[in-house]
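According to the numbering used here, the sequence shown is numbered sequentially starting from 1.
These aren't lab readings, by the way, just hints derived from the structure by calculation. Heads up, a few of these hints could be off.
[Stated by the list, open to error] In silico DSBU-like pairs for lysine-lysine, Cα to Cα no more than 30 Å straight-line:
1) 621 x 277
2) 438 x 530
3) 621 x 530
4) 621 x 685
5) 621 x 587
6) 685 x 277
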Amino acid sequence: MSAPPRRLLALACACVCLTVALLAPAAASATRLGSAPAWPAGSRFVSAVAGDTPLHVTLTLQPRDPGALQAFADAVSTPGSPLYHDYITPAQFAQRFGAASGTVQAVESSLKAHGLSPGQPSANGLSIPLSATAGALGRAFSVSFAHVTAASGAVAIVNQQAPSLDPAVAPDVQTVLGLDTLAAARPLLLRAHTAGAARPHVVTGGPQPCAAAATAAASQGGLTADQIASAYGLSGLYQAGNLAAGQTIAVLELEPYDPNDIAAYEQCYGASAPVAKVAVDGGAGGGSGAGEAALDIENTIGLAPQANIAVYEGPNSGAGPYDTFSAMVTQRAARVITASWGQCEPMNGPGTASAENTLFQEAAAQGQSIVSAAGDDGAEDCFPTRPAAEVDDPASQPYVTGVGGTRITAVGPPPSESVWNDGPTTGAGGGGISSVWKMPAYQANTPRSLHVIGPNSLGSRCGASSGYCREVPDVSADADPASGYLIYWNGSGAAGATQPKGWQVVGGTSGAAPAWAALIALANASPACKGTPIGFANPALYNAAATAYASNFNDISSGNNDMTGVNGGQFAAGPRYDMASGLGSPKGTVLAGTLCTDAIALSNPGPQRSIVGSSVRLQIKAADTRGAPVQFIASGLPRGLSINASSGRITGRPRDLGTSTVTVTVSDGAGTRSQASFAWTIQSKPTLSNVSLTGVGVARPRLSFALAGGRGAPPLKTVGVALPQGLSFSRSSARITVTGRGGRHLAFSAGLEHGTLVLTLHSAASQVRVTIAYPRIQASSSLTAQVAGQRASRITLTVEPTDGLKRTTRLTARLNPS
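Construct all of the structure, not just a fragment, from the sequences and the given hints.
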């Protein structure tokens, strides 16, 4: 977001009549959803809202199985998971995780019964739009609307009660968005008070700026796209011919832009990125905006010059931001999404945060990367309303990559950087501890050396019963206006005589987020990714930092983001991760290769089971797509097993019973690493006991034996019985009994396969007793005569039980027939 983000607390103007809406009281059986929004400090009531005022709201629905959705989003995003990068389509998402059609219809019927006309549900089954008057919405939801004025003088609409829903459908609705306009964003582009130092131009292999841009950047102390690309190590990608061709980057905007400004920027750089506008809920109006959209679009083009740019424009109030994100995710036209708009978490409300989280989980499931600016008010994201430490949404969302801000004093590479903090008169990079979200696994499971969990980590802030809270940002890039981004805006002068015109330098984390989006798009386009998008990037980013930090990141180790100075210097930069700069800024070419799914292709072998003391031989399959040799290490192997570092073959004889989690790490000489984790259970083998074979001497054989599954093994599912010479099975269906614990008869089916009798249990059992009698089992006349004359030798019976995981064990018993 462009600094300072006073927009996060600003109240959108609502030009409406000021009359009272007469509303029916909530029915006694109705259920209130959540709570009414809190008024910002200093706000005052003005009047009631006219009943004929048009409003647009969106009901967001609970996903079909929230736990399964979260588990799947984590699995497809986490290196080493068996489902890593096994994405689903939007249609598959709707069928698998969206609200069931019956649920959607029930909510629609409830709305109609209260006099509303719901629109077409979203394709993902997660939302229903509604356009109605304030009076109709007030009667349907049992709320009253008021105009309030903020301390700044801006006017907003606010619902004075939580919406009321029919009890039968209330549990299926997450929240109702758009009943208030308190959370409108107001981007204010930040310009340096004094020009920074001029910096040299370098040949990156990508587009070079025209003379006018180079001159403007030098005179204003800003950075052109080629300088940013050089600082962050993108030159190797460009020189390999990778300019992000074939990729689409979606840019979220809540203000309009002038296409002529974008065309002037592209012409200067010789770029050819197609730019298309997608209007959501009527779009963001006309004009050239305040420059936020120009900054986001042009920064993306400057660093990914051959990508397609899809600008999703929505209204800057009510349900507009959610609906715009929803269109970007549900359409999945882009695999990379960048957003530079947000608000501090306390202003967002739990219902909105939950609805966004579901949407961002969908994006992860579909292989979409979302990056968001972490804010420009430092650790105090709700400034100036409150000085306490707060973070920005959606950058703080668990399935979003939050981007903080740095100051570049030398381009390098590597660049000389520190945390951006110019104090409250200008701004600082956002970061800190979420008050809403628990710390996700990709942060909680990092090694101690990465310093994600440190002295400032907290669990109480987000109400975590154990562990810690989500920390922000994840990464960072240049955001200081003194070393800011050169853009072209207001070339026509239509924004007004007081506004700068043409080439100008602006700052804020609004510039940093598109820079990271461009890097991810370049990685997606690289040969190393082989057409598989990175998707939700955070697990891979923290994995890259944990295994080869210095190869992938520039460490930002000086400065803090306590913008107001009232929070004790929190949060200070330090080695590796910190809440002022995240993991740091990128070493683009190396990091792009590290993030790609197939830089090292590693196959997860899945859960393993072995018999204690038996010989084990398991080949782990992995290869570096660049042809480099790889090395294998394994942790958590059962005692008695080891892995060959060169071949990846696990061999040995396990010594102890039990289950352990094995993690195999494969790495190459360039610092690229891939992991696979799986469970390995060591069990005892099944036992065969109480074996008897009687009646052979009178040609009426009867076989009986007991089987018990091995310790630690799943229950038995099938039992195969192979007879020695002289004995055979007939196809008669009679005279077989199978009992379980307590002599309870078990249902089964029987069949002959190449002379072996196979008994398949309808329900698996841990122990069984099998009895097979004549005529199902028959003895040859020769064996009958031998047994009758007491001349028979000991025979060998073979029993092959198979457990629920289709693991078969061969057991034998030597016995004397009688």
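The hints, checked one at a time:
1. Restraint check for residue 621 and residue 277: the C-alpha separation of about 45 Å exceeds 30 Å, so the hint is violated.
2. For the given pair, residue 438 sits about 34 Å from residue 530 by alpha-carbon distance, which is inconsistent with the 30 Å threshold.
3. For the hint linking residue 621 to residue 530, the alpha-carbon distance of about 18 Å falls within 30 Å, and the restraint holds.
4. Using a Cα cut-off of 30 Å, the hinted pair residue 621 and residue 685 holds, with the two alpha carbons roughly 28 Å apart.
5. Restraint check for residue 621 and residue 587: the C-alpha separation of about 29 Å stays at or below 30 Å, so the hint holds.
6. Using a Cα cut-off of 30 Å, the hinted pair residue 685 and residue 277 is violated, with the two alpha carbons roughly 65 Å apart.
Of the numbered hints given earlier, the model fails hints 1, 2 and 6; all others are met.
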